[in-house]
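Asks: Sequence:
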Amino acid sequence: DQWRDMMEVHLWAHLNAARAVVPGMIARGRGYLLNTASAAGLLTQLDSGPYAVSKHAAVALAEWLAIHYGDQGIGVSVLCPQAVRTNILGKPSGRRSQQKSNSNQAAQDGVLAPETVADDCINAIIAEQFLVLPHKEVAKYFANKANDYERWLRGMRRFRDRLRQKRNQP
159 DQWRDMMEVH LWAHLNAARA VVPGMIARGR GYLLNTASAA GLLTQLDSGP YAVSKHAAVA
219 LAEWLAIHYG DQGIGVSVLC PQAVRTNILG KPSGRRSQQK SNSNQAAQDG VLAPETVADD
279 CINAIIAEQF LVLPHKEVAK YFANKANDYE RWLRGMRRFR DRLRQKRNQP
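For the sequence shown, this note's numbering begins at 159 and goes up steadily by one.
No lab work stands behind these hints: they were computed from the structure.
Be a bit skeptical, because a hint or two may be false.
What the hints assert, rightly or not - Subject to a maximum C-alpha distance of 20 Å in a straight line, what follows is the list of computed SDA-like cross-link-like pairs (lysine to any residue):
#, residue 1, residue 2
1, Lys294, Ile280
2, Lys298, Met314
3, Lys303, Phe288
4, Lys294, Val269
5, Lys324, Arg312
6, Lys294, Ile283
7, Lys294, Arg243
8, Lys324, Ser206
9, Lys303, Ala218
10, Lys294, Asn281
11, Lys298, Gly268
12, Lys298, Lys324
13, Lys298, Arg312
14, Lys303, Ala285
15, Lys298, Leu270
16, Lys294, Gly268
17, Lys294, Leu192
18, Lys298, Asp278
19, Lys303, Arg318
When you get a sec, could you build the whole thing from the sequences and use the hints?
Replies: Right, dumping it as structure tokens:
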């Protein structure tokens, strides 16, 4: 089902990769992991519970890895972009209206070129920065969420309603 598929791709793939490479990194006393999540892992995807939950899990795994292995010479970063110009964005599916809504949400702050995101990843690794936020607005949204969770939830409900209205327009 969709929940299992999302967890396989967005959580278990990272966990299996870590299990495969972390022992060698520990033996060498150094290494670096860059996990790809999404701004949805910090802020929540409105129309897809499985996507939102799996991306939150990916961020949590990266946090755990950074905490658990950081003092053993292993760096960890987690990439949390919004929309990136790839084949996945806007890819046709049987759930076209939900996908269109998800793409609208992700693209609110612009669609970035993959090269821009790659540069941000390289710079974050060099700086040993945990959160890689190619869309700078995500840091502000995340801070707003942390500072007033109830207000953030109300705002997300309003945002969801605006996206639904937009989706239902001809």
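Asks: Against this structure, judge whether each hint is valid.
Replies: Each hint tested on the structure:
For the hint pairing Lys294 with Ile280, the CA-to-CA distance comes to about 16 Å; that is within 20 Å, so the pair holds. At roughly 14 Å between alpha-carbon atoms, Lys298 and Met314 fall within 20 Å of each other, so this suggested pair holds. Proposed proximity of Lys303 and Phe288 is supported: the alpha carbons are some 19 Å apart, at most 20 Å. Distance check on the hinted pair: Lys294 and Val269 sit about 12 Å apart at the alpha-carbon level, within 20 Å; holds.
Of the supplied pair hints, the one linking Lys324 and Arg312 holds, its CA atoms being roughly 19 Å apart against a limit of 20 Å. Under the criterion of a C-alpha separation no larger than 20 Å, the hint pairing Lys294 with Ile283 is consistent with the structure, at around 17 Å. A C-alpha spacing of about 17 Å is found between Lys294 and Arg243, which places the hinted pair at or below 20 Å, so the restraint holds. Straight-line distance between C-alpha atoms of Lys324 and Ser206 comes to about 17 Å, which keeps the hinted pair within the 20 Å bound.
With a CA separation close to 16 Å, the supplied pair Lys303 and Ala218 stays within the 20 Å bound. For the proposed pair Lys294 and Asn281, the alpha carbon gap of about 14 Å is at most 20 Å, so the pair holds. Proximity of Lys298 to Gly268 is assessed by CA-CA distance (about 15 Å); at most 20 Å being required, the pair is judged to hold. Taken as a hint, the Lys298 and Lys324 pair is broken in the structure, with Cα atoms around 24 Å apart against an allowance of 20 Å.
Distance hint between Lys298 and Arg312 is fulfilled; the C-alpha atoms sit about 17 Å from each other, no more than 20 Å. For the suggested pair Lys303 and Ala285, the alpha carbons sit about 25 Å apart, so the restraint of at most 20 Å is broken. The hinted pair formed by Lys298 and Leu270 meets the criterion: a straight-line CA distance of about 18 Å does not exceed 20 Å. Proximity of Lys294 to Gly268 is assessed by CA-CA distance (about 11 Å); at most 20 Å being required, the pair is judged to hold.
Between the alpha carbons of Lys294 and Leu192 the distance comes to roughly 18 Å, so the proposed pair stays at or under 20 Å and holds. The hinted pair formed by Lys298 and Asp278 meets the criterion: a straight-line CA distance of about 17 Å does not exceed 20 Å. With a C-alpha separation of about 16 Å, the suggested pairing of Lys303 with Arg318 holds against the 20 Å cut-off.
Taken one by one, the earlier hints fail for this structure at numbers 12, 14, listed in ascending order.
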